[in-house]
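Colleague: Sequence:
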Amino acid sequence: MKVIFLFLVTVLVSLYFVFDHMTDGNGVPKEGLIILMHYALGEGEDLVLESSYFPESPVIEKELSKMKVGDSKKVKLKQYEDWRLSYALNGFTLTKNEDGFSIFQHIVFDKTGKVYTNVRTPFGNMRIYDNEVHKVISCIPFDVHYRYHSK
Numbered sequence: 098m099k100v101i102f103l104f105l106v107t108v109l110v111s112l113y114f115v116f117d118h119m120t121d122g123n124g125v126p127k128e129g130l131i132i133l134m135h136y137a138l139g140e141g142e143d144l145v146l147e148s149s150y151f152p153e154s155p156v157i158e159k160e161l162s163k164m165k166v167g168d169s170k171k172v173k174l175k176q177y178e179d180w181r182l183s184y185a186l187n188g189f190t191l192t193k194n195e196d197g198f199s200i201f202q203h204i205v206f207d208k209t210g211k212v213y214t215n216v217r218t219p220f221g222n223m224r225i226y227d228n229e230v231h232k233v234i235s236c237i238p239f240d241v242h243y244r245y246h247s248k
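Mapped onto this note's numbering, the consecutive letters of the sequence shown carry residue numbers 98 to 248.
Honestly, the hints are just simulated from the structure, not real lab data. Small disclaimer: the values here were computed from a predicted structure and weren't measured. C-beta: ideal position from N, C-alpha, C; glycine also. Treat each hint with caution, since some may be false.
Stated by the list, open to error - Heads up, simulated DSS-like pairs for lysine-lysine below, C-alpha to C-alpha not over 30 Å straight-line:
| no. | residue 1 | residue 2 |
| --- | --- | --- |
| 1 | 248 | 165 |
| 2 | 208 | 175 |
| 3 | 175 | 232 |
| 4 | 170 | 211 |
| 5 | 163 | 173 |
| 6 | 163 | 248 |
| 7 | 173 | 193 |
| 8 | 208 | 170 |
| 9 | 193 | 232 |
| 10 | 159 | 193 |
| 11 | 193 | 248 |
| 12 | 208 | 248 |
| 13 | 170 | 193 |
| 14 | 170 | 159 |
| 15 | 171 | 208 |
| 16 | 159 | 175 |
| 17 | 211 | 248 |
| 18 | 171 | 193 |
Unchecked claim - Each pair of labels, with its calculated beta carbon distance range:
| no. | residue 1 | residue 2 | range |
| --- | --- | --- | --- |
| 19 | 205 | 248 | 30 to 38 Å |
| 20 | 242 | 178 | 20 to 28 Å |
| 21 | 208 | 149 | 26 to 34 Å |
| 22 | 143 | 246 | 31 to 39 Å |
Throw the hints in and build the complete structure from the sequences for me.
Modeller: Written out as structure tokens, the structure reads:
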């Protein structure tokens, strides 16, 4: 099973590079791929995520505009509001800092078969249920941290 999952991850990473090249780096949900790979292979260690996209996310920008420095809030979004962000994080805690913002989320995929992610592909949307990941490999929950400092 682990070999199958690693093969799928290899295919996803290959597609990532193809689509990244095709879209000049603007259309690839690399943060989501990093989180998925870390969930499967990271052994539960915290992940400090890097992203040049998060400061440009319309959802994050909108939420920050309603917050004061020092405020923290739980942010849930609908996928159509920000596809790329939704592949990586949803139900995260956003904190507005004096010099930027930070994000925290505990990552654990649902095992009930009720939660899914719509994945946009050049061939149409695919619905992938969270519990499918657990059928292929033993994943260990972990915490994601992100910090942005404005210039």
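Colleague: Flag every earlier hint the structure violates by its number, smallest first.
Modeller: 9, 12, 17 and 22
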